[in-house]
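Throw the hints in and build the complete structure from the sequences for me.
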Amino acid sequence: MSFILGTSLLAVVTALACALPGAFVVLRRNSMLVEGIAHAVLPGIVVGYAFTLDLNSPWLIVGAALAGLLVVLCNEWLIRTGLLTGDAPQGLVFPALFAAGIILITLDFNHVHLHTHVVLVGDLNLAAFHQLVVNGVSIGPRYLYVMLAVLIVNVAFIAIFYPKLKVTTFDDQFAMVLGMRTKLLNTAFMFLVSVTVVAAFHAAGALLVISLVVVPAATAHLISQRLSVMLVLTALFAVVGALAGFWIAYVLNAATSAGMAVFYGFMFVAVAFIDKLAIRVRRYRRAEAASAGRPAGNLGIEGLLAKPRYAFAAQRRQEESGRRDGSAPAADTQAAE
Amino acid sequence: MSTGPIACQTRNLSVAYRADPVLRRVHFSVPVGSVMGIIGPNGAGKSTLIKAMLGLVTPLTGTSEFFGQPLDQVRRRIGYMSQSTSVDWDFPTTVIDLVTMGTYGELGWIRRPGKAERARAMASLEQTGIPELASWQIGELSGGQRQRAFLARTLVQAPDLYFMDEPFQGIDAKSQQAMVDVLKDLRAQGKTIVIVHHHLATVRDYCDHVTLLNGSVVASGPADTAFTKENIRTAYKAREGAEAFLETAV
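So the sequences go chain by chain: A and B. Counting in our numbering, the first sequence runs from 248 upward without gaps. Counting in our numbering, the second sequence runs from 533 upward without gaps.
Think of the hints as simulated: they come from the structure by calculation, not from any bench. It is possible that some hints are incorrect.
[Stated by the list, open to error] Which chain B residues stay away from chain A? Per the calculated CB distances, all over 10 Å, these:
#1 Q541
#2 V554
#3 V564
#4 N574
#5 S614
#6 I642
#7 H731
#8 N746
#9 G753
#10 A755
#11 D756
#12 T760
#13 F777
[Said to hold, decoys possible] Non-contacting residues of chain B with respect to chain A, defined by C-beta distances greater than 12 Å in every case (computed):
#14 G536
#15 R543
#16 H559
#17 T626
#18 T632
#19 G640
#20 P645
#21 D704
#22 D740
#23 A751
#24 K761
[What the hints assert, rightly or not] Computed list of lysine to any residue pairs in SDA-like fashion (alpha-carbon distance at most 20 Å, straight line):
#25 A:K411 / B:R650
#26 A:K430 / B:G587
#27 A:K430 / B:L586
Quick reminder that beta carbons are idealized off the backbone N, C-alpha and C, glycines included.
Shown next, in the form of structure tokens:
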């Protein structure tokens with residue numbers, strides 16, 4: 248596999264692995280918690296690196312991810328104590344851990360050599376440097392397969408727990424009354440986010456990984472009426488942004504993660520603008536439907552593309568109940584009994 | 533106190549948020565088939581009482597039993613309708629999906645809602661009178677429609693005991709009528725309903741039992757014996773709204 252193909256594939260897989268859990272991060276309003284995790288894992292990475300001498304080692308990834316989970320749990324605990332409000336608990340925990348990591352690096356802990364720019368924004372090209380060679384043939388960067396494994400784990404987790412993730416994200420208390428173990432699911436999910444952030448550290452560093460996690464999902468959220476559609480659009484934006492960002496950085500000879508983050512930003516602005524235009528069309532259609540006495544159905548970009556499934560049935564029912572002098576369905580069942 | 537079977541019973545329940553006590557030694561029970569109104573001024577702990585009973589808030593002391601059993605044994609028989617302001621209505625989901633969430637408790641860890649679950653959700657939407665909104669994004673609903681969608685999500689569970697937190701909060705007359713029709717229907721089927729309500733003038737229209745709350749229970753029982761002038765005055769102390777109500781009614 249050529250170096251460019253391998254590295255651009257790595258960019259796509261890393262973007263996907265970060266963006267899919269990102270959809271739930273955005274909906275749970277945990278975006279800045281991811282920023283906290285991305286900083287807090289640094290001491291874990293430095294210590295792990297000192298022992299394994301390999302940023303892609305599974306031991307390092309899991310160990311450092313536990314440090315990231317520490318931010319999540321400390322954050323929850325501090326909120327429960329009521330000593331601090333808002334997002335202040337995060338501001339208290341993660342800088343301390345990040346600073347500990349910086350001190351370890353500057354003290355040359357166990358002769359660890361991590362460059363400042365790798366810590367901050369990562370280096371995809373450096374990450375892709377170690378190629379995996381099977382029977383003398385290069386099959387792409389070793390790091391590509393690490394990120395691929397993380398992507399598969401993330402997709403499997405979301406696929407298996409999709410209904411639970413959906414209901415706990417939307418209405419945590421309702422899920423609790425149904426008897427779901429929302430705290431366990433939440434902790435498992437945040438651990439997975441932490442693993443993803445650590446794994447992507449090599450490619451995007453502590454600063455830019457939040458862009459990979461949050462921006463594609465935030466862009467998809469602008470125009471999605473359903474969670475499943477939002478996940479598909481999130482993946483689409485991640486892939487497009489990764490490829491475009493990679494080539495921009497390649498042409499400009501700039502950092503790849505920075506190219507991706509900047510292109511993600513442009514994509515968000517463009518989609519927000521198109522959505523504003525679509526809202527005008529929606530309002531027009533709704534007014535039109537109302538004046539014609541039709542149900543307006545599903546509005547929004549998705550609704551503009553597809554004929555709503557239940558609109559016909561609803562219309563028919565309305566006509567039926569109209570024939571029976573507008574008697575409400577509830578009253579019918581009562582009369583039947 | 534009535535002597536029939538008891539749907540739920542709470543003993544010695546105390547709750548505090550940090551250093552502030554919200555509920556003190558709350559003790560009351562709800563007979564099967566009754567509509568119990570939890571009535572009290574703002575900050576009386578009405579919502580907190582329901583949340584503590586359902587395990588959403590950890591109480592300092594006290595226990596709650598449902599049909600004589602702890603909550604975990606009877607979750608399927610209990611439905612909770614939270615305040616509609618408690619969720620993010622920008623969440624990317626449609627009304628029918630929201631209502632289908634009511635069936636998730638039966639699905640276990642792996643199973644997905646299928647055609648049967650969606651059909652039940654649709655029936656609940658018809659019961660609350662908003663089937664035509666099934667494919668709308670939830671953010672497009674009005675206040676009253678949101679409450680009706682929440683009610684439909686609770687109905688789809690087909691529970692025997694309903695907990696409703698301010699279901700009439702900020703809704704239009706049409707939605708209110710639709711909700712009242714559903715409540716009457718449920719009552720006719722012998723279901724038990726616990727309803728947090730703060731509008732004194734309509735208490736007797738909806739509730740046959742009343743618990744007057746102000747941090748602790750002022751009175752609890754059939755509306756005729758519990759919802760009296762003296763008890764209301766005690767619960768509300770000298771609040772203007774209550775005084776105006778007392779001059780005209782009861």
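**Report entry** Hint numbers not upheld by this structure, sorted from lowest to highest
**Finding:** Those not satisfied are hints 5, 6, 17, 18, 19, 20.
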